[in-house]
Amino acid sequence: MSHEQNQELLQTLHECMEECNHCFDACLQEEDVKMMAECIRLDRECADICSYLEQAISRNSRYVSELASVCAKICEDCGNECKKHDHEHCQRCADACFKCAEACKKIA
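Every number in our numbering is 31 more than the matching position in the sequence shown, counting from 1.
Read the hints as simulated data drawn from the structure, not as lab findings. It cannot be assumed that every hint is accurate.
Below 25 Å or equal to it, Euclidean Cα-Cα: the simulated SDA-like pairs (lysine to any residue) are [claimed, not checked]:
| # | residue 1 | residue 2 |
| --- | --- | --- |
| 1 | LYS104 | SER92 |
| 2 | LYS115 | ALA87 |
| 3 | LYS137 | TYR83 |
| 4 | LYS114 | ASP126 |
| 5 | LYS130 | GLU69 |
| 6 | LYS114 | TYR83 |
| 7 | LYS65 | GLN122 |
Generate the whole structure from the sequences, applying the supplied hints.
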């Protein structure tokens, strides 16, 4: 993977992590938090795996491909859950998740 591709992927992972963290926090502020429980749970999972994969790539881990495969799956699941909610933060998170899932599939 070229340095430019690497930087683009790292940026995509970081943006997804940030959107998931923002969505997580915003979901906790929603009136019906219980209805948002699955979204909140997946936001955490997704932010964590994106952050971990970002670190693994930057240290040239030999597990990048396997982690990218898991990351793609979690991003897709999070994106699909967020897409169910009309909140702007959920829609932005879904878009970031789907973009990240596609980027991860390319290196998985």
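Status of each hint after checking the structure:
A hinted pair counts as satisfied when its Cα atoms are at most 25 Å apart, and LYS104 with SER92 qualifies at roughly 19 Å. Among the hinted pairs, LYS115 with ALA87 is inconsistent with the structure: their alpha-carbon atoms are about 31 Å apart, more than 25 Å. For the given pair, LYS137 sits about 17 Å from TYR83 by alpha-carbon distance, which is consistent with the 25 Å threshold. Annotation: proposed proximity of LYS114 to ASP126 holds, straight-line Cα distance about 8 Å (limit 25 Å).
The straight-line distance between the Cα atoms of LYS130 and GLU69 is roughly 20 Å, inside the 25 Å bound, and the hint therefore holds. With a CA separation close to 24 Å, the supplied pair LYS114 and TYR83 stays within the 25 Å bound. Of the pairs offered as hints, the one joining LYS65 and GLN122 holds, with about 19 Å between alpha carbons and a cut-off of 25 Å not exceeded.
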